[in-house]
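Starting from the known structure of chain A, fit chain B onto it as the hints suggest.
Top line first, the protein sequences correspond to chains A and B.
Read in order, the letters of the first sequence are residues 1 to 210 in full-length UniProt numbering.
Read in order, the letters of the second sequence are residues 1 to 210 in full-length UniProt numbering.
Keep in mind that the hints were calculated from the coordinates and are not lab data.
Predicted model, so just to flag it, every value in this text is computed and none were measured.
Check the hints yourself; a few may be wrong.
Within a straight-line C-alpha distance of at most 20 Å, the following computed DMTMM-like cross-link-like pairs (lysine to aspartate or glutamate) qualify [unchecked claim]:
#1 B:164 to B:190
#2 A:23 to B:196
#3 A:164 to A:180
#4 B:69 to B:40
#5 B:17 to A:207
#6 B:41 to B:82
#7 B:27 to A:180
#8 B:41 to A:207
#9 B:171 to A:209
#10 B:13 to A:190
#11 A:69 to A:128
#12 A:13 to B:207
Chain B is nowhere near these chain A residues, computed Cβ spacing over 12 Å in every case [as the list claims (entries may be wrong)]:
#13 64
#14 87
#15 113
#16 120
#17 141
#18 157
Yeah, the Cβ is synthetic: ideal placement off N, Cα and C, and Gly gets one too.
Single-letter residue listing:
2 protein chains.
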Amino acid sequence: MDKKKNISMAVIKRLPKYYRYLKELLKNDVERISSKELGEKIGFTASQIRQDLNNFGDFGQQGYGYNVKDLYNQIGLILGLDREYTAVLIGAGNIGQAIANYRFNENGLNIAAIFDANPKLIGIKIRDVEIKDIDYLDSFLAENNIDMGIICVPRNNAQAVCDKLVKGGVKGIWNFAPVDLVIPEDVMVENVHLSESLLTLIYLLHDQEN
Amino acid sequence: MDKKKNISMAVIKRLPKYYRYLKELLKNDVERISSKELGEKIGFTASQIRQDLNNFGDFGQQGYGYNVKDLYNQIGLILGLDREYTAVLIGAGNIGQAIANYRFNENGLNIAAIFDANPKLIGIKIRDVEIKDIDYLDSFLAENNIDMGIICVPRNNAQAVCDKLVKGGVKGIWNFAPVDLVIPEDVMVENVHLSESLLTLIYLLHDQEN
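Just chain A, with the same shape it has in the complex (with noise of 0.2 Å):
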């Protein structure tokens, strides 16, 4: 697998989309298509989509295109959806309530426990998973294995938690708060900045006002 080395960011990003697209095809019982096809419907040019994959290895035939299931299945490897994920949710306020309840598990994530401070929320299920209390979290992260921790607290908790995360073994953050959290190396982290997406969208809307 040392192709998959040194794959940039942008290709990255794009994986899931694929994976996004393919599954739709597939429900459709689409059994293949062409990288024009493909190109098409994701909005990439073929050659775009041909570079991509050719980061991960030898997909498609010339003239007959890409079998859907063969390639689905396939960045289903390459994303690692070949095994479940378990995860931490610290916060249950909105963004992590929602979160929690979101069906995440068709993506093989598996939220073991929910955390909060507020006496309010501990004790209450959602989707049959208790919120606890935080105080138990590093003893949790002791006695379980867990992958990811997903944090929905607010921004001056956040570097917190992350550093009992960390501590506690976790190898990937889902940050929902709007800080940049300082974290080692070999923790990976993804960003949700939902501030900075609206800001985004009401420059362009101002920009195109203008």
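Just chain B, lined up with the frame of chain A:
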């Protein structure tokens, strides 16, 4: 304001980050900052910061750096935050409720109405905004000046909702549904694709393990 045209999306996406850091500096009573110091905080190089900001005008002064308050206000103007933007939110499920509850009004967003098709939700208020029957969306858009539509409906309904919003004169779409919407060129769209964000993190985690 001709200088603003043809600015790359990469630069545009960095503006909200500058804005967030400058706000933080302002809160901490920092009056001025050099591009080097600002760069160290944000994780960009000083020259990248100077380049980015030069797209929009002459900020900062050799040997003095940037006046934090001025730069904050200027970037606010560039982002279009000198006026309020009105939005309708469609789909009061988990994500929709979280977004409706989020305090985006700091960013100049006013959610004027929320719509859903579920009779159990219609009539409920979220932060004083009542959830209305989706059947009234068209007439609401006709009677009110709405800038933006926030789409939080399931994937299968997203395009139909988007078409209604566009027909109703909305000029920006903030899309949380896991689909790529087909929209006219003069309507701006910003996607928050949570599953794709998660899959990116899973890829990075998986890649790290190998």
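Verification of the supplied hints:
Distance hint between residue 164 of chain B and residue 190 of chain B is fulfilled; the C-alpha atoms sit about 17 Å from each other, no more than 20 Å. Between the alpha carbons of residue 23 of chain A and residue 196 of chain B the distance comes to roughly 13 Å, so the proposed pair stays at or under 20 Å and holds. With a CA separation close to 16 Å, the supplied pair residue 164 of chain A and residue 180 of chain A stays within the 20 Å bound. With a C-alpha separation of about 19 Å, the suggested pairing of residue 69 of chain B with residue 40 of chain B holds against the 20 Å cut-off.
Only pairs whose Cα atoms come within 20 Å are accepted, and residue 17 of chain B paired with residue 207 of chain A is accepted, the gap being roughly 18 Å. Distance hint between residue 41 of chain B and residue 82 of chain B is unfulfilled; the C-alpha atoms sit about 26 Å from each other, more than 20 Å. For a cut-off of 20 Å, the pair hint linking residue 27 of chain B to residue 180 of chain A stands: about 17 Å separates their Cα positions. A C-alpha spacing of about 28 Å is found between residue 41 of chain B and residue 207 of chain A, which places the hinted pair above 20 Å, so the restraint is violated.
Among the hinted pairs, residue 171 of chain B with residue 209 of chain A is consistent with the structure: their alpha-carbon atoms are about 9 Å apart, no more than 20 Å. With a CA separation close to 16 Å, the supplied pair residue 13 of chain B and residue 190 of chain A stays within the 20 Å bound. Our distance criterion of 20 Å between C-alpha atoms is broken by residue 69 of chain A and residue 128 of chain A, whose separation comes to about 33 Å. For the hint linking residue 13 of chain A to residue 207 of chain B, the alpha-carbon distance of about 14 Å falls within 20 Å, and the restraint holds.
Taking the minimum C-beta to C-beta distance to chain B, about 26 Å, the non-interface status of residue 64 of chain A holds against the 12 Å cut. Residue-level check failed: residue 87 of chain A sits 9 Å from the nearest beta carbon of chain B, not beyond 12 Å. Listed as outside the interface, residue 113 of chain A is consistent with that label: its C-beta sits roughly 18 Å from the nearest C-beta of chain B, beyond the 12 Å cut-off. For residue 120 of chain A, the condition that its CB be more than 12 Å from all CB atoms of chain B holds, with the nearest at approximately 16 Å.
Distance check for residue 141 of chain A against chain B: the nearest CB is about 16 Å away, which clears 12 Å, and the non-interface claim stands. Every C-beta of chain B lies more than 12 Å from that of residue 157 of chain A, the closest at about 15 Å, which supports listing it as non-interface.
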